[in-house]
Amino acid sequence: MTLFDGFLIKTENDEYSTWRRYGSLGSVRMSQAILANNSPAIAFALSVLRTKEIVALKNKIMESYRQAFKSPFLILLAVPGLITLFIFNYLPMYGVLLAFKDFDYSKGIWGSSWVGLKNFEYFLTSSQLFVVIRNTLLLNVAFIVSQTIAALAIAVLLNEIRIKWFARLSQSVIFLPYFMSWIVVGMITQSMLGGQNPTVNEWLIQLGLSEVNWYFEAHLWPWILSVIKVWHGAGYFAIIYLAAITSIPEDLYEAAKIDGASRFQAVRKITLPLLIPTISILTLLLIGRIFNGDFAMIYAIVGDNSLLFPTTDVIDTYVYRSMRVLNDFGMSSAVGLFQSVMGLVLVLAVNSFVRRVSKESALF
Amino acid sequence: MNYSLRDRAFGIISYVFIGVFALLCFLPFWMMISGSFTKETELILNGYSLFPESFSTTAYTVLLQSKLLWSSYINTALITAVGTALALFISAMLAYSLANGRNTLRGGMLAFVYFPMLFYGGLIPFYITVSKYLHLSNTLWAVILPLVCQPFLVFLMVNFFRTLPKELEESARIDGAHEFNVFIRIMIPISKPILATVALFYALGYWNDWFMSLLFIDEESKYPLQLILRRMVSNLEAAKSLIPSNAGISIESPLLGVRMSTTIVTIGPIVLLYPLLQKYFVKGLTIGAVKG
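So the protein sequences, as listed, match chains A and B.
Heads up, the first sequence is in this note's numbering, so the first residue is 1 and it goes up one at a time.
Heads up, the second sequence is in this note's numbering, so the first residue is 1 and it goes up one at a time.
No lab work stands behind these hints: they were computed from the structure.
Please note: incorrect hints may appear among the correct ones.
If you anchor each label on the Cβ, the simulated ranges turn out as follows [claimed, not checked]: (1) A:310 <-> B:23: 16 to 24 angstroms; (2) B:272 <-> A:118: 31 to 39 angstroms; (3) A:212 <-> B:240: 22 to 30 angstroms; (4) B:5 <-> A:213: 41 to 49 angstroms; (5) A:346 <-> B:271: 33 to 41 angstroms.
Because the structure is a prediction, the values reported are computed rather than measured.
For every residue, glycine included, the Cβ atom is placed at its ideal position computed from N, Cα and C.
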């Protein structure tokens with residue numbers, strides 16, 4: 001059973017199942033539409049159907065309706081949450097229309113005039129597009145690879161540590177950066193690499209190396225950001241991997257030991273192969289979000305430093321800037337819509353792939 | 001080849017790697033602490049160092065006199081307290097309803113809650129909805145409300161509620177308890193671990209949020225801590241706004257020091273609560289995120 005079994009409810013009653021597929025809410029909506037609507041078109045449609053069927057249908061609808069109100073308290077409990085989701089997550093979806101409009105703040109979303117695909121044209125022909133999409137994908141790939149390797153190494157080696165207090169203390173310290181806001185991380189980065197004489201440069205000099213002008217060297221930033229990402233998030237993923245490692249039965253290791261395997265061999269032949277399902281699921285889930293740049297991270301660290309844009313400007317920062325600086329709502333919504341649709345397609349594709357491989361691990 | 005020797009070598013490598021990585025994770029925190037206690041002149045000359053040569057608490061005494069810091073601290077505290085309470089309340093109710101088999105609208109509701117995790121209307125429509133149609137700009141509600149019901153955390157709770165035995169609820173109802181009482185008196189108390197986990201997730205989210213306030217808050221008096229800090233990241237001079245003119249610093253404004261002390265003050269509560277945070281986070285991650 002997957003987490004979201006409510007998505008597709010399997011009923012024994014086949015006749016009923018088409019309706020159930022949309023969930024009960026779907027059937028209630030349908031019933032409301034049919035019952036409340038007196039329009040001639042509907043009347044005509046209904047007259048085409050046989051009366052007997054309609055009555056049966058109506059009864060079924062009323063039944064599911066009535067049942068919903070058998071437990072009104074449960075429905076009531078859900079209402080505040082559903083309303084906030086509707087306001088903050090569903091209302092903005094209506095705003096995707098903006099991508100096809102020339103937005104005028106005073107006229108609102110509906111009042112602004114239609115421009116067809118002009119917004120997309122602007123954005124598809126702009127030279128920025130390629131750079132921004134490439135950066136988003138490359139940075140995310142770099143983050144996924146570096147974080148996964150670091151987290152695996154931490155989890156596997158942490159599991160080898162026998163001194164309890166040392167394991168606990170180091171795990172705590174490694175997990176700590178995850179709790180820092182990206183602004184704090186940006187501040188740390190700025191203090192280490194920025195200013196008149198960056199701290200890191202002092203170290204480089206002491207090591208006999210030459211100084212680096214960090215905030216002028218765009219090509220270094222994918223690496224710097226990856227290091228920061230590992231510092232910030234490797235502990236988080238390590239804990240997930242560690243949980244997976246502790247669920248591996250101890251007798252496997254004991255048997256290996258009796259057969260004369262060393263700890264390293266046990267890690268290579270037992271731990272890592274058994275971690276592959278967890279690794280692939282986590283990675284696939286991250287790949288599903290590969291079109292989403294990490295705005296909070298990148299904007300907090302890079303900010304409006306245009307010297308670094310060639311390698312660090314991602315779709316999300318680009319959209320934000322077009323909105324706040326250029327006030328170009330139409331084009332930036334077009335970019336946003338493109339990103340949302342690509343994201344949706346990718347998540348669905350990844351999910352159906354995961355489901356084929358291992359049903360339990362699929363999202364839905 | 002002696003296996004026990006090899007094992008020992010592997011063990012040593014583990015200790016060294018983990019130890020070094022943990023040290024590297026801790027290093028930036030140490031640099032900030034030491035930086036906040038270093039004299040400004042030394043910071044300008046040498047940058048931040050592991051062990052300051054000159055000790056000074058000016059960066060803190062100046063900061064404590066700053067009205068802007070206090071007002072932003074109060075704002076952040078308000079956002080976190082009100083937001084977490086509201087979010088926990090709303091999400092727990094929704095999750096309980098979604099987890100209950102007697103909720104006949106459950107299928108549709110689950111889809112409704114899940115879909116926003118897949119499709120995002122986009123930044124611009126979101127911005128326009130909140131600022132133009134809901135008129136929440138420059139209020140703390142603009143930060144609190146959009147984050148009040150997060151599908152991921154709701155599902156974490158749904159997962160937990162589903163593991164509770166049905167009989168518990170049924171027997172209470174048969175004994176004549178109203179559903180409201182079943183929820184408040186029985187379900188909430190036995191769900192404390194998951195409620196604590198989710199509350200901490202929400203609290204951390206609110207404390208660390210800066211994106212919502214960046215979008216919607218322009219008035220300095222409504223700034224949360226993170227925004228004050230953000231302003232100083234990109235602009236060194238911005239630290240000046242935190243230093244009161246009557247602070248009696250005639251020689252040199254401790255700009256670099258104040259940046260560090262503000263950071264320390266911002267992360268202070270998180271670090272103090274960290275043992276608690278870590279315990280529940282690890283629990284939440286290992287129980288809830290691994291789906292059942």
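**Item:** Hints the structure fails to honour
**Value:** 1 and 2
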